Amino acid sequence: MPEPVQYRGMSLLIPDNDSEWKEYFAHARQHTLMLRACNACHLMRYPPTHACPWCMELGWTWKEVSGRGTIYSYETVVHAIQPGFKDVTPYSVVLVELDEQRGKPTPDEALRIIANLVKSDGTTMEDAKNVAIGKRVRVVFHDLAPHMALPQFMLTDESPQGRVWQLPE
Amino acid sequence: MKSLKDKYCIVGVGETEYSRNSGRTTRAMAVDAIRKAMLDAGLGRGDVDGMMSYQSGDSTPANWVASDLGLRLNFYMDVFGGGSSTEALIGLAMGAIETGMCNTVALFRSMNGYTEFRIGGTGARAAQPVRSLDLAQVPFGMRSAGQNFALTFMRHMYEYGTTSEQVAHVRVAHSKHASQNPKATQKERVTVQDVVGSRWIVKPLHLLDCCLETDNATALIVTSAERARDLKARPVYVMGVAGRVNKPRTDFHWAHGPITRVAGHYAKDIVFGQAGIDPEDVDVTGSYDAFTFTTMLQLEEYGFCKKGEGGQYVSSGMIELGGKRPNNTSGGHLCEGYTHGMSMVIENVRQLRGTVDDYCPGAAKGEHSYDYAPGRCRQVRDAEITMNLGWAMPPTGSALIMRRG
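Residue numbers (numbering that gives the first Met the number 0), protein chains in the order written: chain A, 0 to 168; chain B, 0 to 404.
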């Protein structure tokens, strides 16, 4: 079993029998964002779960996505709970809606991923003043160990999607 | 829809002091709270034969607590969980009695929520490895309840124009109510400016948008309507109950939008269907106010206003004592203390009995002034029907409708 990965005071543990996450993070370490696609209905899903939530099929295939998307919601942590985050406050947590499979199979469904909004190096937190709903982002990987990288997201210079909104202060 | 409307009652309630320094075990506090609830109901050692609790590895199992009081149980169960458990366990207790497994069930929640197990990733829980589904969010500095819910709150502001000032009124209202509650830990009335001027925790939550961390135990007793008729306290009847109702994809509910929709969207038809009433019939609400926003979201989802108009509803004066439908007349989790939901059910039981423990000298006999100035009365006049809106997280919730006997 691989040793837990030490990151910001946490022990991130992916045991050899973690049949959901092990391959996901291994793909991320190769700098590809891969999601599971159902072998029957071909819909992708996140997180990487064992069965298809749309048709209960067990068979799945890893499928690469572009890693491009839009900030669907966000929050800015000013008072960190985890001690390992205190030196990077204020930091932003973003809910990214990926470009693939938006509005399928129902209008309200989408592939959405939680990450930090970071700079292009994948490790430095983006200035919290720059986060807003509607802004475009792309994935960038933060290598943590030989078997694991964290998919993070950075701002791009693409035009925003829909209304750009930030909490008024 | 199947319903056990009016067949079961809450016959006893009790709690320990709300504090940040209990100085004793969850076991001792649970014993104290259950004993008070039994005395409140007029039940003796041989009269309670079922016990249930909820916890998350931070409390004492029901069978130990029962042993301390010399109760021999025919049924007990400890359930994993926090918010939204109270209402669900009331329904399960009714089910246990209905099947004949036992006759009378005591429910409790006992937690040293400040001195032992605080919210979020600090203390004993911080040492645990992050694995499994937690890998989808904890590595990104998203661990506490506020951090878990803030994406929902922010999106609500974006979609509906809800403002910080609007939801601040929830804290304002609950602080008014707490100023009439001798038990409340935060009795000071606050203004909208106090709330939006308090420091940021996780945007859009200010410090005063967040509830308290508290050491406390709460208990209540469920039995059949037939048995309730012979007991000491005025019975309070369960009209409808919904337990831990989910949105789709509760493992990672952001996959299924709109993320501003919360579980009450699904729970409301169950609970109102059983009770056979509408939101307009409810006199008092008790929302799970882990945050100001959770109250706003639930009130709109259960149909007390239109979806998206929760901000206007909570800032209209409607939810304050003296308003049309007061919410959390004890001050709730924001101002009285945090109990994972049971205290709001206890408060509504007392409202329906007409014996809320405010500062009125004759409160225990049901004599109230209905003067809602600070340090006076918090009894709602002629409260006939109450509703509790339990919350675990945006995609999971419970609900309970009760009426006076």
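Honestly, the hints are just simulated from the structure, not real lab data.
Since the structure is predicted, the reported quantities are computational estimates derived from the model, not experimental observations.
It is possible that some hints are incorrect.
Straight-line C-alpha distance at most 30 Å; calculated DSSO-like pairs for lysine-lysine [to be verified]: (1) K246/B <-> K186/B; (2) K182/B <-> K323/B; (3) K186/B <-> K364/B; (4) K21/A <-> K35/B; (5) K62/A <-> K364/B; (6) K35/B <-> K6/B; (7) K35/B <-> K305/B; (8) K364/B <-> K1/B; (9) K1/B <-> K103/A; (10) K186/B <-> K6/B; (11) K85/A <-> K118/A; (12) K231/B <-> K103/A; (13) K186/B <-> K1/B; (14) K35/B <-> K306/B; (15) K306/B <-> K103/A.
Now for the hints, and whether the structure bears them out:
| no. | hint | verdict |
| --- | --- | --- |
| 1 | K246/B <-> K186/B | violated (36 Å) |
| 2 | K182/B <-> K323/B | holds (25 Å) |
| 3 | K186/B <-> K364/B | holds (24 Å) |
| 4 | K21/A <-> K35/B | violated (51 Å) |
| 5 | K62/A <-> K364/B | violated (69 Å) |
| 6 | K35/B <-> K6/B | holds (24 Å) |
| 7 | K35/B <-> K305/B | violated (40 Å) |
| 8 | K364/B <-> K1/B | violated (37 Å) |
| 9 | K1/B <-> K103/A | violated (35 Å) |
| 10 | K186/B <-> K6/B | violated (37 Å) |
| 11 | K85/A <-> K118/A | holds (18 Å) |
| 12 | K231/B <-> K103/A | violated (57 Å) |
| 13 | K186/B <-> K1/B | violated (42 Å) |
| 14 | K35/B <-> K306/B | violated (40 Å) |
| 15 | K306/B <-> K103/A | holds (24 Å) |
The structure fails hints 1, 4, 5, 7, 8, 9, 10, 12, 13 and 14 (numbered hints given earlier, in ascending order).
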